[in-house]
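Make a model of the complete structure from these sequences and hints.
Protein sequences, first through last, are from chains A and B.
Counting in our numbering, the first sequence runs from 1 upward without gaps.
Counting in our numbering, the second sequence runs from 1001 upward without gaps.
The set of hints was computed from the structure by calculation and includes no laboratory data.
A portion of the hints provided could be inaccurate.
Simulated crosslink set (BS3-like; lysine-lysine; CA at most 30 Å straight-line) [as the list claims (entries may be wrong)]:
hint, chain 1, residue 1, chain 2, residue 2
1, A, Lys284, A, Lys342
2, A, Lys385, B, Lys1096
3, A, Lys244, A, Lys103
4, B, Lys1078, B, Lys1120
5, B, Lys1096, B, Lys1120
6, A, Lys342, B, Lys1120
Listed here are the chains, written in short residue letters.
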Amino acid sequence: MELLNNLALGFGVAFTLQNLLYAFFGCILGTLIGVLPGLGPVATIAMLLPSIYALDATPALIMLAGIYYGAQYGGSTTAILINVPGESSSVVTAIDGYQMARKGRAGAALAAAGLGSFFAGCVGTVIIAAFAPPLTELAFKFGPAEYFSLMVLGLIGAVVLASGSLVKAIAMILLGLLMGQINTDVISGVPRYSFDIPELTDGIGFVTIAMGIFGFGEIVSNLGRPAEHREVFTKSVTGLWPTKRDFMDAFPAVLRGTALGSILGVLPGGGALLASFAAYTLEKKTKARPDEVEFGKGNIRGVAGPEAANNAGAQTSFIPMLTLGIPPNAVMALMVGAMTIKGIQPGPQVMTSNPQLFWGLIASMWVGNAMLIILNLPLIGMWIKLLTVPYRFLFPAIVVFCGIGCYTLNNSSFDVYMTAAFTLVGYIFYKLGCEPAPLLLGFILGPMMEENLRRALLLSRGDWTTFGTRPLSAGLLVAAALMIVVVMLPSIKAKREEAFQEED
Amino acid sequence: MKIKSQRDFWSGLMFIAVGIGFAWGATNYSFGSSARPGPGYFPFGLGILQALLGAFLLFESLVVETEDGEPIGPWAFKPLFIIMFAVGLFGYILPKLGMALSLPILVVITSLAGDEFHWKDAIISVVVLTLGSWFIFIYGLKLVIPLWPSFLAG
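Structural data, given as structure tokens:
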């Protein structure tokens, strides 16, 4: 059994003291930022990227991964207790979770969310381990034309499944791709769009973009809104263990959520957010028994399903990143950046060239999930206390960590100035209703896309039809076109808008 | 002609400007041919595509009705400029004054961006964040960040 051998190798790596510590640290940090509204995994991972210079690649990635799925656990706590989603993927958890808390059943809701997430996390890990190798095999058959088409599909998928205006999202991708053009051309060595500023010939650091837009830009928009009134149900968290009936209700929901989340996570643009929305819709459509609590009034399935789904989705969204080197969402884009910082070229060769990293990371996800369930259920009181920290203490701390992180990236003041400039850009995006996540994806994929496009054209002697005549490439492009067409269909368009309306 | 979506109107203009800017900039670089694409090939095409999408958004914002006109709303200039100023200043003074001085300056200016400012809170933040950053970044991660002003350290 090769799978077992691989997993054994992975667990061997994950269970070293150092890696356990970093996984633990990542999980704590992830829970922390998940619990705190207004600070997401994207900004946090961007903040931490500079510090991974001092680490080996494996513990660094283990820690960053822990932050991502830790945030899924933490986000649900906030959603249930104060009706404010700590993470965007917990938006739907708040609907029924908060109602349960109001009825004094916060404990059961938290347990359903935690246990559901844990179950989904374990399944997600196994799915990654099982599906990553065959996908990697397939990826080796890819030439530049296929890679280009795959990236087109990935980018289109990312916006089709995301919320908001489709045209704007595609425009944001293009903006990201264009910003990725500020660099030195790899093939001819000509510096482009650098305006004779030496720092720009290496390209804009994606950390400065991520921090400026997601970190600082978000702070400015939070401060621009009137302070929210929070009502925290801290005292009512008693009786953590759900009743037998709760178990009976929640378990099928967890199974459905896990299945749905695992599938949606792999899709480009998928991941935790989409998975939780879809799972909530599914649970609402399913009838368990006639006398159950209505949805929106504290139904435990409305917590268990989406929470399982968002965690499963968070796990399986690692698959395209690990096997193809193509990030399906903004967090994975940062993971790709982290690998590049550590000198690892993301792509199908990672599994063979860095098996320790690859399998260690996968095994660490299971370890991390086990840690998280302990961190989140028995220690829930500690996290609840955090919710009482006012934002006026929080945002200077975010600014400080971003500021230092940004400077230490290259020990250059220029990066810090760029981040300040991107604060303005991020705020403009926020005001104009342009979602910044597609921009980051485009920015990361831009140089790769250009290189593959130009190599494909070189190989075909300038014949653009090469993208349509090679079957794999054609298939990927057709899939991308289909996605756009389907979303543009009037009936689906209305449904899609309706689904994302609930988010606001 | 009435603008039916303020947000889309301005985003459209922004995308057109950026697209044309990049496409125009790309003319400075060798375009090459399809068989041997030069450094200007990809950005030129992207820039044009971007401008086209922008034009589409602009058109849509003038034609398609929306419920509330999708206003942009008031700008939070105060926090925006304070944060940008604080971060920019921090980038400038950190290598010169070191972390021990520039962090407190950053924290105090940043705190001014909030709705309410109390010196007591700001000082708590300064102490906690400066010590914490020293512990994490200099002591723990051993990153090369100057701690004291360069004129003191010699």
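Open item on the list: Flag every earlier hint the structure violates by its number, smallest first.
Closed with: Of the numbered hints, 1, 2 and 6 do not hold.
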